[in-house]
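Each chain sits in its own coordinate frame; assemble them with the hints.
As they're listed, the protein sequences go chains R and E. The opening position of the first sequence corresponds to residue -11 in the working numbering, with each subsequent residue numbered one higher. The opening position of the second sequence corresponds to residue 284 in the working numbering, with each subsequent residue numbered one higher.
Careful: at least some of the hints might be erroneous.
[Said to hold, decoys possible] Here chain R is said to cover these stretches of chain E; the calculated rule only asks that three of the stretch's residues, wherever they fall, bring their Cβ under 8 Å from a Cβ of chain R: (1) 284 to 297; (2) 324 to 338.
[Unchecked claim] The calculated lysine to aspartate or glutamate pairs, modelled on EDC-like cross-linking and capped at a C-alpha distance of 16 Å, are: (3) E/Lys333 / E/Glu311; (4) E/Lys333 / R/Glu290; (5) R/Lys306 / R/Asp319; (6) R/Lys236 / R/Glu76; (7) R/Lys236 / R/Asp(-8); (8) E/Lys333 / R/Asp345; (9) R/Lys306 / R/Asp74; (10) R/Lys128 / R/Glu167; (11) R/Lys128 / E/Glu311; (12) E/Lys333 / R/Glu347; (13) E/Lys333 / E/Glu305; (14) R/Lys306 / R/Glu76.
[Stated by the list, open to error] Estimated spans, in silico, between C-beta atoms of each pair: (15) R/Asp66 / E/Glu346: 18 to 28 Å; (16) E/Val322 / R/Thr24: 53 to 63 Å; (17) R/Arg(-6) / E/Gln290: 27 to 37 Å; (18) R/Asp214 / E/Leu336: 41 to 51 Å; (19) R/Glu174 / E/Glu346: 48 to 58 Å.
Hints listed in this document are in silico derivations from the structure and should not be mistaken for laboratory results. Ideal Cβ positions, reconstructed from N, Cα and C, are used throughout, including at glycine.
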Amino acid sequence: MTTDERFAGTVEDQFPAEPRGVVNEIVEGPVSDYATDFDHHGAEWVADPYPIMDDLRDRCPVAHTDRYGGAWLPTRHDDVAAIAYDTERFSSRSIILGNTRPPLDIAPQGIAPPISSDPPFHHGARRVLLPAFAPQAIAKLEPGTRDYCNELLDALDGRDVVDAAVDFAQHIPVRVIAEMLGFPREDADLFRTFVHDVLEGVNDPLEVRFPKMVALFEYLTAQIHDHLDNPRDDLTTYLIDAEMDGQKLSPDHIGGTMALLLLAGIDTTWSAIGSSLWHLARTPADRERVVAEPDLLPTAMEELLRAYAPVTMARLVKEDMDWNGCPMKADDWILLSFPAANRDPELFEAPDQVIIDREVNRHSAFGLGVHRCLGSHLARMELRIALETWLARFPDFSLADPDAITWSPGQVRGPRHLPLAINRTAG
Amino acid sequence: MRVHVDQDLCQGHGRCYSLAPELFEPDEIGNGVELNAGVVPPDQEDAARKAVLNCPERAIVIEEDAL
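Chain E on its own, in the form it takes in the complex (with noise of 0.2 Å):
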């Protein structure tokens, strides 16, 4: 799994980066952006899929990996 900041889309509400901050770290000016590729390790794909769902502006992507 893979998770990706649409920057175009991100207003810096920082939610991913409270809620998943093993996956997200704020910018400069507070936007959200991934960590290590957007790559999510095992144990974080329920953090990713929490920092999704709870993203106001709906500008995280999660990309599964093929099976």
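Only chain R is shown next, with the shape it has when bound in the complex (with noise of 0.2 Å):
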């Protein structure tokens, strides 16, 4: 057995006794006016948030809310990207804009570096995970991801009606990204408990919360330990050993990354090849065309996470100050929309169209500036592999109940339920 003193604590000595951090008050209930009162949670905005974000482009140009303790939401590109580049005045401490501020003697580090670090800790943390997402690492994990895509296809014989969603999509990146941690592969749904709680909760009460997040980290330990006792060619045992300006790392370190390659690759992924599915089932041109013409899938692709860029991440202000005319406080949020940024047509032309051949496409689905998503070479490969081996499989499909499409709320966008009509008479 291996002794490692970094890890010789128990988890409760790396979490307080109590939750920490300034809690506001919860508030719910529908929305009156999305530029004065947006919620990412309200109906509406889960329903359809393009209209929304149209809307409040060019009314506003930045909407504003008192909600989850007040919170600013930029609508244009430039906003978007003068927001992402300026980490001097805007915190990335939390990237999940909910009701409790975390404390600010988590900073630069945050809960899960890199995304959760401010410059300088984050360039050195970013560093250390770069090579195992850079493209050349990515493509070793294709021809796995095929198989896997394969596997889950071939258990859909004989179906007239999948859903593409919940049977197809969902699996892809956990099981993707259990592989590259080296965790069990009978713990999905344990991993998808895990996003929902920490991505779509975020109007539960922090004793709700708290002991969730707590679960989480007892379980990235219990993977850390076996790892010390079985070290392998993975990515726990690589940060375990990694080092950063000449020191291993500390232990919630380690565990705050584990935390985000688990959560960040998953629903994110999983919406990404949901949308484009949902796109292609009610779009017969595109989804013929691509189907005939195989050599534009990485270009449609492009566009399809342009149109539908499943993530908005969050900031928070650092101190009060005049942005652009909004008086914007210490604390307050920013929503960081990427998908309001993809639509605006200042830098798009028929922003609101789809066109899945489009050439100039300058989109920040992935985000812009030192928090370009790290995964973005890996959630690209799945979202290719995934849409080659489906319409392989399936090259005629639509919409098999639209009213019982469901989509997810808050930062990360996708289908959660998406029943497709499958029509094997075709090819």
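Shown next, in the form of structure tokens:
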């Protein structure tokens, strides 16, 4: 058995006995006006946020809400980009907009480095991970991902209606990241529960959220100990052995990064796959074209990522300031909507149209600046393989029951139920 | 024509080496770097422009040859 003094303590040593941070009053109920009272968990927003974004871009263009203790929502690409680039005045101390501001002293590392980190700590924490997520490393995962997608499709054999979100999309990123981290495949359901707890439960009170976070970190700590006892060629052992500025990483750094790697790629990629299939199911001309011209798929994928960008980030304002006429206060949230930026007519011609052979596509589905999605090459590989294998198996499909489609609320948008009718007479 | 990736601006989105693999390649962290000192063969000029127009960080510059 390996002894590593960094991990001699218990999970409780890493967590305060009581949750810390500033909790605001939880405001629920219908939104009066999205310009002054927006809620990214509001029913209209969850059903179809794009007309609301377009309206706010014309009217505001930075919306505000008193919910969540105060938050701003820029809707123009240039404003989203300016905030993403401005790590001096906007902190990533928390990137999930909720009713709790984590304490100031967790910066610059934050709870899940490097996504929650600010410079200069951020640079080193990200540099540790980048080679493992560079395209050369990701390419090695492609054959296994293709085999797994085909296994999932084999299991749909003989069915005329399948739920593309539940039966297909949701499984792919879970399997891939579990393999990368060296976690048991059979814990897949648990990982999806963690994602739901962390990302969608933001209106739960802290006493409900906190034990769920502790459960996540207990699981990760058990995995760390398993890897200390049995080191292997995976990301968990890599992180245990990794160094930053000549020092091994602290246990909370390792645990936080593992939480990030486990959770950040799951519902995001699942959403991108689901939204892409949703679009192709309801747009026969586009579906027929990518089936007939497989070389077009990478270009089409970028357009689907632009139009249905799954991920919105958050920032916290560091100090009181006037920002482009907005009286921002310290610890106000910023909802950093890359989906809204991707629909800005200043940057994109006909932004509300999906043009699958769009040649000029400077979209920001994976963010902008130093926090560019670390897993973007992995996500693109999974999305491409998922679509290639699906389209090869099911070239003809349509929405089976539009009313049964459900969309996730909050900062990651994608279909959670997507019944598709498979036409097996095709081909 | 020559292309150059400004490493202060590049964040490793990888659009350049996906769209123009004969002109760019990823380094070990996934940032784009130009191949062949950035010299663009005539049949790759469209690919070079496409890479520029799809870089989310506007990190690629084209230098046209002097006439």
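To see whether the hints hold, each was checked on the structure:
Here the stretch 284 to 297 of chain E counts 4 residues with a CB under 8 Å from a CB of chain R, which clears the bar of 3, and the coverage holds. Counting residues of the stretch 324 to 338 of chain E whose C-beta sits closer than 8 Å to any C-beta of chain R gives 4, which meets the bar of three, so the coverage hint holds. Between lysine 333 of chain E and glutamate 311 of chain E, the direct Cα distance comes to roughly 23 Å. Violation of the 16 Å bound is thereby established for this hinted pair. Taken as a hint, the lysine 333 of chain E and glutamate 290 of chain R pair is honoured in the structure, with Cα atoms around 14 Å apart against an allowance of 16 Å.
At most 16 Å may separate the alpha-carbon atoms for a hinted pair to count; lysine 306 of chain R and aspartate 319 of chain R meet this at roughly 6 Å. With a C-alpha separation of about 27 Å, the suggested pair lysine 236 of chain R and glutamate 76 of chain R falls outside the 16 Å cut-off, and the hint is violated. A distance of roughly 11 Å separates the Cα atoms of lysine 236 of chain R and aspartate -8 of chain R; the hinted pair therefore holds under the 16 Å criterion. Restraint check for lysine 333 of chain E and aspartate 345 of chain R: satisfied, since their Cα atoms lie roughly 13 Å apart, inside the 16 Å limit.
With a C-alpha separation of about 11 Å, the suggested pair lysine 306 of chain R and aspartate 74 of chain R falls inside the 16 Å cut-off, and the hint holds. As the CA atoms of lysine 128 of chain R and glutamate 167 of chain R are separated by approximately 12 Å, the hinted pair is consistent with the 16 Å bound. A hinted pair counts as satisfied when its Cα atoms are at most 16 Å apart, and lysine 128 of chain R with glutamate 311 of chain E qualifies at roughly 15 Å. Restraint check: the Cα-Cα separation between lysine 333 of chain E and glutamate 347 of chain R comes to about 7 Å, which is no more than 16 Å; the hinted pair holds.
Between lysine 333 of chain E and glutamate 305 of chain E the CA atoms are separated by roughly 13 Å; this keeps the pair inside 16 Å, and the hint holds. A distance of roughly 8 Å separates the Cα atoms of lysine 306 of chain R and glutamate 76 of chain R; the hinted pair therefore holds under the 16 Å criterion. Aspartate 66 of chain R and glutamate 346 of chain E have their C-beta atoms about 26 Å apart, which keeps the hinted 18 to 28 Å range intact. Distance hint check: the CB atoms of valine 322 of chain E and threonine 24 of chain R are about 55 Å apart, consistent with the given range 53 to 63 Å.
Checked against the hint of 27 to 37 Å, the pair arginine -6 of chain R and glutamine 290 of chain E passes, with Cβ atoms roughly 34 Å apart. With their beta carbons about 48 Å apart, aspartate 214 of chain R and leucine 336 of chain E fall inside the hinted range of 41 to 51 Å. Taken as a hint, the range 48 to 58 Å holds for the pair glutamate 174 of chain R and glutamate 346 of chain E, whose Cβ atoms sit roughly 55 Å apart.
Comparing the model with each numbered hint stated earlier shows that hints 3, 6 do not hold.
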